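**Student:** Sequence:
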Amino acid sequence: RIAIIFSCAFFMIGLFTGIWKYILATKSPEGETPLYVGISHRSSFHYSFAALLVAILAGSSPYQPLTTLVIVSTLLAFFTVTLIIYIALGARGDRVGQFSRPLVFAGRKLPEFVRSIFMVVLIAAETIGFGLLFAGFLIRHL
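Quick note: the sequence shown uses the numbering used here, first residue 278, plus one each step.
Some hints here could point you the wrong way.
Unchecked claim - Pairwise CB distance ranges (calculated):
hint	residue 1	residue 2	range
1	Ile405	Ile300	36 to 44 Å
2	Thr351	Glu307	25 to 33 Å
3	Lys304	Pro388	30 to 38 Å
By construction, these hints were calculated from the structure, which means they are not laboratory data. Remember, predicted model here, so these are calculated numbers, not experimental data. For every residue, glycine included, the Cβ atom is placed at its ideal position computed from N, Cα and C.
Using the sequences and the hints given, assemble the complete structure.
**Tutor:** Structural data, given as structure tokens:
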């Protein structure tokens, strides 16, 4: 149920970021928007359907309920954090990729390894988490 709620929330965010994108495009002489406004719009829909897939797989998980909850929560947390970053970059008006400038948090420049660690953890959490749900589905249905 948690994943379905997040799926619906991500979809609504996609709709609202679409409105945001439209408003900015109509105000721009070139009809363009900051890079991350578009990325946040598309990503919201992608995460919406990803969360729905997670819900389906979690619904037939062979793992203990707490294990399934931890896996699902981890996936949804990283989807959410990533989407928040995209929206923040869009609100800032970024027109370049997030990796092309130093990482700043609360007005302070952070060392590059912080971003690298976050990305490694994100990649591991998402691929391992989804892999576990997918493997569980295969175990149960094959």
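**Student:** Taking each numbered hint in turn, which are not upheld by the structure, reported in ascending numerical order?
**Tutor:** 2
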